[in-house]
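Undergrad: Spelled out from the first residue to the last, the chains are:
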Amino acid sequence: MTFRERGRSMRLNIKEKTFIRRGAAVAAVALLAVGAGTASNAAASKAPTVTINVAALIPGSTKAAVAEFNKQIAEFEQQNPTIKVNGVQYDWTGPTFAAELAAGTLPDVFTVPFTDGRSLGEAGQLANLTSYVKQLPYYKEFNPAVIAEGIDGKGQIIAIPTAAYAQALQYNRQLFSQAGLNPNDPPKTWAQVEADAKQITQKTGKTGFSEMGANDNTAGWILTTLDYAFGGRMETGVGTKAKANFDNPQAVQALQMLKTMRWTDNDMGSNFGLSWGTSNQAFAAGQIGMFISGSDVYTNMVQADNINPSIYGLAPIPLANNKNAGVLGGGTLAAVKPTATPAQIAAAMKWITFFYMSPLVNKQQAIRNAQTLVANKQPVGVPELPVFNEKQYQVAQSWIAPFINVPLKQLAPFNSGIFKEKVIPEPEAATQAVYGDLDSVVEDVLTDPGANITSLLQQANSVGQTSITSANSGS
Amino acid sequence: MSKTDVMTPRLEKLDPALRAGAAIRTPRGLALGTPARWVKRGGISKLLFLLPLLFVFGAFSWYPIVRLVLMSLQHTNLVQPATWVGFSNFSAVIHDPLFPIAVRNTAEFAGLALIFGYPIPLIAAVLMSEVRRRRGLYSALAYLPVVIPPVVAVLLWKTFYDAAPNGVFNTVIGWVGISPQPWIQAQHSALPSLVLESTWANAGATVIIYLAALTGVNRELYEAAAVDGAGLWKKVWHVTLPQIRTVMLITMILQIIGTAQVFIEPYLFTQGGPANATLTVMLLIYDYAFGNSLGGDYGKAAALSLMLVAFLAVFSLIYLRATRSWSTH
Amino acid sequence: MSTFPLRRRQRRADGGQQALVLESDWRRPSVRWGLGTAHTVLLVLLVIIGLGPILWLAKSAITPTQDTLANPLAIFPHGIDWSNITTAWNQVDVGLYLWNTIVLAFGSLVAQIVIATTGAYALSVLRPKYGNVIMAALLTTLFVPSVVLLVPLYIEVVHPPLIHHSFVNSYWAIWLPEAASAFNVVLMKRFFDNLPREIFEAARIDGCGPVRLFVSIVLPMSKPILGVVSIFAVLASWKDYLWPLLILGNTSLQPLSVRLPAIAAQTDLGVFLAAMLIACFVPIVGFLVFQRAFMRGTGLSGALKG
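Protein chains in written order, with this note's numbering: chain V, 1 to 475; chain Z, 1 to 329; chain D, 1 to 306.
The set of hints was computed from the structure by calculation and includes no laboratory data.
Where hints are given, some of them may not hold.
Chain V regions said to be covered by chain Z (calculated; three or more residues, Cβ under 8 Å) [as the list claims (entries may be wrong)]:
#1 209-219
#2 332-338
#3 391-397
#4 427-439
#5 443-454
Each residue gets a CB set at the ideal place from its N, CA and C atoms; glycine is no exception.
Construct the complete structure from the given sequences, taking the supplied hints into account.
TA: Structure representation (structure tokens):
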């Protein structure tokens, strides 16, 4: 229920990450050297076998994908004869993850979204990987904002980012054309968004701008995105000093805008319970002109919603003229169970490097994975944020250029514009709970014409403060 | 209890070797006595037959009840060991701003369900009991929604409740000139929409229960009423309803208890939204226990569960006391 | 109301007439027209309300999604499309989830029958001295709604008290708790209480032990009640949602009721409706075939709760 569908985006990142690659040429050479060294070390020693269980593909994956995954395991075991790897079906959804965590049935290597990494680390649920990560040759190349997601309050690295995305403005190029708007010129300010939404509804009758309103944390997630885009923050301070800041003026501004679009312009459609997956579904069915979601949702639209590629357009989120305005980021972390033995942790790190990281930094691996993706009819080249830096991102794009099957020209506004925007991590304390506490504010504004925005935010703020406090007191 | 039950067994089917035999005194009512005597009297086989029941109930009924009470006094999140916290769980639940909302919504749901869903099955059953031909068709149609799995029913009605002007229900009410309704997309109409679907899915069972009860009404009472010159309406009011009043009272309390525990409708339709308009007590319990990806607060969930049980128990007792005089038989 | 079957025989004897509306009443035109119209109206309403949604589901399952979205109440504007059903079966893998549902229902049925028959037999026929204590303990559980036990049961399955192994993703964690139904036991016990004791005594004289008595005499005589309990066990299992949702995280083990909501966002509407139709198919067909048992069982349950 909580972030189940956002978890799906994360899962698909993993699935994709299996095959997508970017990387700096320098790092690639270094890694190849490391790989060669590992192989020769393994051949030389007669160490006892270590067995690790690793998160494999999501249930329901095609047989071809599963076969490919097993091939990768075989390759890894060949390079590391003392390590035995068992793939375990894995799927991060809020309630099931909590259940597996409690039951102790998680695999030794598993993935979690950025929102939960630090909290889990601070609760002692993740192994300390600091020494291993610092030994990675590309350790210094990590994007500081991204690696920060895997660092807990004490400065220990408890998870490794494997994929990152930024929020983006998704828009339907076909509806734009039909409404008389230029599909190559998406709105760059929120005033333009409002105007374009009105025009789309007037000319085509479809929803101009859609806002997620489902009661499963997605409503609060998108509201936070809007808040950041206007220059506000939902939390101030970090760690034990974190405080809820829901009633910041920018949040009021964002909700005012939504209220106008909903009740005055009436261009937000009639369904206010959309979540991550159902927004994608409705968009792919041609019912939505614009909406905000992660930059990587195209994968889900191709795989689950049978989208017609020609309608898909992606633009950076318009930012207000405020020095604090930025784009909310998110992503996936790979972590290791705290109960793993030191030998298992070492083996786990090797697997993480091989499976999650090498496609990002190794040209050969990257190309091979792209080929597999194409063969399985999955999208290649879906926009994401680099885990490392922009230069590497460009290099990676050049490697996979022959395999890219997403409509790159249609994604140009985002790909060129995102690097001019500041990417900001999600609220640090009790992230999911904070989103949940904000859900009802959005729903109220969208379903009650007389909603009092300020008092709603203030009420939610006290609830949010309780969530933050209880999360910090380790409950 | 009548011995000439329609379920009288067919003697011919029994093993012929065991059919004949004279009556014999069976050694019931003797004290257990010493272990040897107990074994001799078949104590072991009695125990063996009871063992499955004892195991299953012990493990999955009695133990959880005890555990529920204990957990409500502990702080449990399954990742760290449980600690005793006295009544702080109960206090936390009562002070949760969502608690009064959930209670109010649950009461509203139960109340609406009573208004919509209580008279209708009764009227339908009384009418159906007088159908002369193809009564089976009527009861089958009435009961059909009950056999549909609740998940399918809810998801189907979710499609019906599409708030767009060309949604199924909006199209239908458009035929009679009513403008499109938001159904589950607005706070004022979400809960009634849920009640409507719930009534559809559950009323059929109540109709059948009433039908069964109606067949037990003593025929002579009708004849006596007819002799007194009572018309159809009078007969229904003065004979039928009083005769089945026990069943009516039972179905009322059962309906209240059932709707107080409603979970699937708010969970699958709206997940408690919009803006907590459909948040019920069971949904709140679920959120406490399973709504947090970092691990639930099982102590609060247990505390609220216990409060729900206690409330229903007290309510039932008061109800049974108050209606005792009405249902004497 | 145990007089129910008795009345039925009586009714048949006098031509199926209830006494509320006598034959003489029916001859009066005001009654005939008034009541007749009421019955017709009721029948029409029942068809629209009871059957309507299911007919719409069946129609939409074989209609292309575009048509269902654009014009949901139109009847096959562009013809019939069976591909929804085949897609649901092949790609959405409805067959697997249907099988899981069947396995869960069957196991639940067996567990419930075993527990209810052995327990009721012991309490009713063998009558141990401590039987009343057990009966009282069973009756108290009737007052505890099963939903509130969800949380402690969940903890128990995830962290069983003595065994260091979680039973998450195990079908036993679904079958066994369902078998702990005091209602079934009480129902069975009442039935066994009604069986003629002379047969048991006769059998005992012939040297029949308790096991043989159970298997060869009591069970064969109990077919009707076993039928009722079976049907309701299967139906309850088919409809179960929250508990399997919590326990069966592994999607390849999940039954239809758990899987369908989870795939709603990823599945084309037409295919999804086809999957729902497949999920309804067994309960509806089962109901039509075993109608009598359903009605009898519902009537019994109402009587019992009284």
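Undergrad: Now tell me if each hint is right for this structure.
TA: Results for each hint:
A stretch counts as covered by a chain when three or more of its residues have a beta carbon under 8 Å from one of that chain; for the stretch 209-219 of chain V and chain Z the count is 4, and the coverage holds. As drawn, the stretch 332-338 of chain V meets chain Z at 0 residues by the rule of a beta-carbon pair under 8 Å; below three, the given contact is violated. Coverage of the stretch 391-397 of chain V by chain Z is violated in this model, with 0 residues showing a Cβ closer than 8 Å to a Cβ of that chain against a need of three. Look at the stretch 427-439 of chain V against chain Z: 4 of its residues bring a Cβ nearer than 8 Å to a Cβ of that chain, three or more, so the hint holds.
Note: the stretch 443-454 of chain V has 5 residues with beta-carbon separation from chain Z under 8 Å; the three-residue rule is met and the coverage holds.
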